[in-house]
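Colleague: Start from chain B and add chains V, G and R with the ligands according to the hints.
Residue numbers (my numbering), protein chains in the order written: chain B, 233 to 503; chain V, 233 to 503; chain G, 233 to 503; chain R, 233 to 503.
No lab work stands behind these hints, which were simulated from the structure alone.
Glycine included, C-beta positions come from ideal geometry on N, C-alpha and C.
Keep in mind that a hint or two might mislead.
Claimed, not checked - Covered stretches of chain B, as calculated for chain V (at least 3 residues, CB under 8 angstroms):
(1) 257-271
(2) 378-388
(3) 399-408
Protein chains: 4
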Amino acid sequence: MEKLIITVAVTGAEVTKQQQPNLPVTPDEIAQEVYRCWQAGASIAHIHARMPDGTPTQSKEVYAEIKKKIQEKCDIIIQFSTGGAVWHKPEERIQCLDALPEMATLSAGSCNFGDDVFMNSPSFMELLAKRMKELGIRPEIEVFEPGMIENALRLVKKGLLELPLHFDFVLGVPGAMTGNIEDLVFLVHKLPAGCTWSVAGIGRYELPLAVHSILMGGHVRVGFEDNIYYRKGELATSNAQLVERVVRIAKEVGREIATPQEARKILGITK
Amino acid sequence: MEKLIITVAVTGAEVTKQQQPNLPVTPDEIAQEVYRCWQAGASIAHIHARMPDGTPTQSKEVYAEIKKKIQEKCDIIIQFSTGGAVWHKPEERIQCLDALPEMATLSAGSCNFGDDVFMNSPSFMELLAKRMKELGIRPEIEVFEPGMIENALRLVKKGLLELPLHFDFVLGVPGAMTGNIEDLVFLVHKLPAGCTWSVAGIGRYELPLAVHSILMGGHVRVGFEDNIYYRKGELATSNAQLVERVVRIAKEVGREIATPQEARKILGITK
Amino acid sequence: MEKLIITVAVTGAEVTKQQQPNLPVTPDEIAQEVYRCWQAGASIAHIHARMPDGTPTQSKEVYAEIKKKIQEKCDIIIQFSTGGAVWHKPEERIQCLDALPEMATLSAGSCNFGDDVFMNSPSFMELLAKRMKELGIRPEIEVFEPGMIENALRLVKKGLLELPLHFDFVLGVPGAMTGNIEDLVFLVHKLPAGCTWSVAGIGRYELPLAVHSILMGGHVRVGFEDNIYYRKGELATSNAQLVERVVRIAKEVGREIATPQEARKILGITK
Amino acid sequence: MEKLIITVAVTGAEVTKQQQPNLPVTPDEIAQEVYRCWQAGASIAHIHARMPDGTPTQSKEVYAEIKKKIQEKCDIIIQFSTGGAVWHKPEERIQCLDALPEMATLSAGSCNFGDDVFMNSPSFMELLAKRMKELGIRPEIEVFEPGMIENALRLVKKGLLELPLHFDFVLGVPGAMTGNIEDLVFLVHKLPAGCTWSVAGIGRYELPLAVHSILMGGHVRVGFEDNIYYRKGELATSNAQLVERVVRIAKEVGREIATPQEARKILGITK
Ligand SMILES: [Zn+2]
Ligand SMILES: [Zn+2]
Ligand SMILES: [Zn+2]
Ligand SMILES: [Zn+2]
Chain B
233 MEKLIITVAV TGAEVTKQQQ PNLPVTPDEI AQEVYRCWQA GASIAHIHAR
283 MPDGTPTQSK EVYAEIKKKI QEKCDIIIQF STGGAVWHKP EERIQCLDAL
333 PEMATLSAGS CNFGDDVFMN SPSFMELLAK RMKELGIRPE IEVFEPGMIE
383 NALRLVKKGL LELPLHFDFV LGVPGAMTGN IEDLVFLVHK LPAGCTWSVA
433 GIGRYELPLA VHSILMGGHV RVGFEDNIYY RKGELATSNA QLVERVVRIA
483 KEVGREIATP QEARKILGIT K
Chain V
233 MEKLIITVAV TGAEVTKQQQ PNLPVTPDEI AQEVYRCWQA GASIAHIHAR
283 MPDGTPTQSK EVYAEIKKKI QEKCDIIIQF STGGAVWHKP EERIQCLDAL
333 PEMATLSAGS CNFGDDVFMN SPSFMELLAK RMKELGIRPE IEVFEPGMIE
383 NALRLVKKGL LELPLHFDFV LGVPGAMTGN IEDLVFLVHK LPAGCTWSVA
433 GIGRYELPLA VHSILMGGHV RVGFEDNIYY RKGELATSNA QLVERVVRIA
483 KEVGREIATP QEARKILGIT K
Chain G
233 MEKLIITVAV TGAEVTKQQQ PNLPVTPDEI AQEVYRCWQA GASIAHIHAR
283 MPDGTPTQSK EVYAEIKKKI QEKCDIIIQF STGGAVWHKP EERIQCLDAL
333 PEMATLSAGS CNFGDDVFMN SPSFMELLAK RMKELGIRPE IEVFEPGMIE
383 NALRLVKKGL LELPLHFDFV LGVPGAMTGN IEDLVFLVHK LPAGCTWSVA
433 GIGRYELPLA VHSILMGGHV RVGFEDNIYY RKGELATSNA QLVERVVRIA
483 KEVGREIATP QEARKILGIT K
Chain R
233 MEKLIITVAV TGAEVTKQQQ PNLPVTPDEI AQEVYRCWQA GASIAHIHAR
283 MPDGTPTQSK EVYAEIKKKI QEKCDIIIQF STGGAVWHKP EERIQCLDAL
333 PEMATLSAGS CNFGDDVFMN SPSFMELLAK RMKELGIRPE IEVFEPGMIE
383 NALRLVKKGL LELPLHFDFV LGVPGAMTGN IEDLVFLVHK LPAGCTWSVA
433 GIGRYELPLA VHSILMGGHV RVGFEDNIYY RKGELATSNA QLVERVVRIA
483 KEVGREIATP QEARKILGIT K
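Next comes chain B alone, as it looks inside the complex (with noise of 0.2 angstroms):
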């Protein structure tokens, strides 16, 4: 079985510092908190930009800011989500490509989002894709729902994207695909062969489907992004905390961690 890549979601758009207080927003504490990650064993860094007030933006003078910072402490890949918040715009969400992550997100359809619906339109998907490989980004495909693996294959077809792809299943949204067991197993046997996936698990589904995900040989995404408790009632102390979980359970059950090279390299990305 491959290593296991890691990748943390620090910050994300919708949580405030009153939900939990150890959420890093600025550039300096997203830099830092994303390098106390990297120590404990992530290999990608997924982020969200953040105004000083904690408002999202999709600056790329931030992103590009946050790129600077983190690069001046670890290797870590870094991601950047082209999401945003459920009401940032198509043109608002894309300009983040232009800070050169190493990666970046590419959600493949619509879907309820809470009380909002989360758009990406085809002609958007589109726009984001042809971007991604204008500018050498390596694209990783978010799934909320088994028919976006379609619409991601049909970028393919288009000539957009390239398989391999990397799909990252986002599950247990309110308003998307919930995330039990038989919820991945089922996404999972929809991909070609030769992809890699990663699972982002909301809320409760966080440990549990990162854990499937080990043992079945996916990857896994965890913060406060998706969840910001240790467990039940109990606010996690950093991102670092998740992802040490994840680590010592990884060890137990024998899969290895890959560093952000041995990551590049299971994810087809040169540098």
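Modeller: The following block gives chains V, G and R with the ligands in isolation, referenced to the frame of chain B:
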């Protein structure tokens, strides 16, 4: 096994007379086509209204006229679409309820749909559910992705919908879930006990999904909204032709056809 | 989708004339019944031999006589059962291979079967595989439980069988796996790419499994060995009546019927 | 989620001291090993008796001695194997019930098992069920293939077993079903509501299946009967070492461990 409820979706919002010359468009044409399908064995008519030039409309007057003309001919259950066309605004889409059909659709979430996004925000879903409840209209929950089942159950928890629900799996839409047999099996396993379900396969998925459903104890939707061909490369001569084939196959495998009155009983419609 | 191969299992080892008066028992009766099924569209005849009094036998002489009489009438593929009756000893069961059928069954494991245990030890499976290989007989792998697929693949690894294999899922035997659609989907997913498969539903499972298989690209076995009724409470008038219904349904859903010569090609039989 | 019941299968019928030097064989060794596992968190001891030279035996005297010695040390639930070794005769296998364990296994069908056939005919299953009922022994239904669930439910219909049942899925035996996550999901979906289940993965399947089960709300069996390694190429130092790892992982994912007394309540054992 319960008797088979056949829904016919005679018109839809997207098909044109150019694509399918036998498409019924005016209230008279629609009523006449529904009547032929009722003769063939259909017990629910799924209706989209059109303007005389073929443009889709959610006008309650046009819906009322169609309803009146159908009721003059037969006792088929009349189901209006609150989906309308993908570009219809929520306030337009909901209008048709004022024409008081026995049933109406409630699409339980958002997804891509061809080149567009089919938007069904949580608040719009709540609005539809409340309005149907006030007016005594039986909802049919349209499901394009597994997460939509959860969305409907969330409305049950809020007291806006009541179990057992009747679901319709619309599978094979470009932008949402495919319509292979494993998809159908997966969705059916997710339903709470006691719920009924139907399947509407889009395009080439229509016939195989209909037949699988007949064997599995589900119900069936066919019609030009979903598929305009009788077989590959051969346009259907009428919606009734598609209904007749379903009836023949049901007979071959020993599943009896429900009359509208029997369908009302199966669906819990009191009239 | 490939053309549909229909196998007819006209006699079996267990059904009696008391249960099904139209059961063919003697070589002449069997040949005549197979001929009628071939006219109806069957391309494989699955054969169990009987003594004149109806007792099942694995005598190579009786098998040879049946083969000769069938070949005088038509070019259907002749497949002998090495399963025999559950109480036949291995050395009796294997005998029929000496009568040189084009195909023979190889049951890939043991399971309960009604009140008995159907024994197929690993060493007997190896013996059958070797003998079929020597004699140039194409095996059909009979699968009653998922583990039997693995058992067959173990023989592939040992060089006793060769991919692609042709499987037959025998589902609904009291003592082994049921024959619901989720069972079939589960089994089909386990097959290596390139393998072909058929399904033999026992009793009330025969017709629904046959129809699911037609739609899924599998092949179909029907006949008195598996099911003696045309519909609930109504005995079939002949094996051909069961074949004819499969043919009618295949035509309704647009699946063409393979001739014996086309079936040989699909199954990789060189003759 | 219910607390986790850990069963330890310390000896089995096949493993030898040559293969695993720490294998407990004599009643004293078995009792001591069970005691260490109870300290580590096991609440059921699955027992096979051996002769002093290591040969498996179903002698009720040896079973009685093992029971006595364990009960002198701790309150673990004692479960005897009626499976014995594959070459034991039914009348030998059933003997151990006379030593009156709290629980005993009931293998619910036949399958290949390594080079042999593991025979559990319908009549032997009935005999076992009746005898356990008479003696007030709680059965654990051993399932090696999906059809065995049906076989157990057939005994329920006959009044020989009672719902809710407790199942153990023994997966990965060469000759029967594999132990991948989709196999486990498939089996669990087949259980009637209210039944409890455990999983015993053979060899390399032991650890991943145990962990999946912890997350899914199932229970777990580990021990030298199923697997003699701690990790690839490294023999376990004791059965307790395997139990300890399960306990650590359960704690990491927030699943509490059942005491024997709590396990009795979960399993409906009245003592
Ligand atoms: Zn994100
Ligand atoms: Zn519609
Ligand atoms: Zn046979
Ligand atoms: Zn045992």
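Colleague: In ascending order, which of the hints set out earlier in this document are inconsistent with the structure?
Modeller: Hint check: 1 fails alone, others pass.
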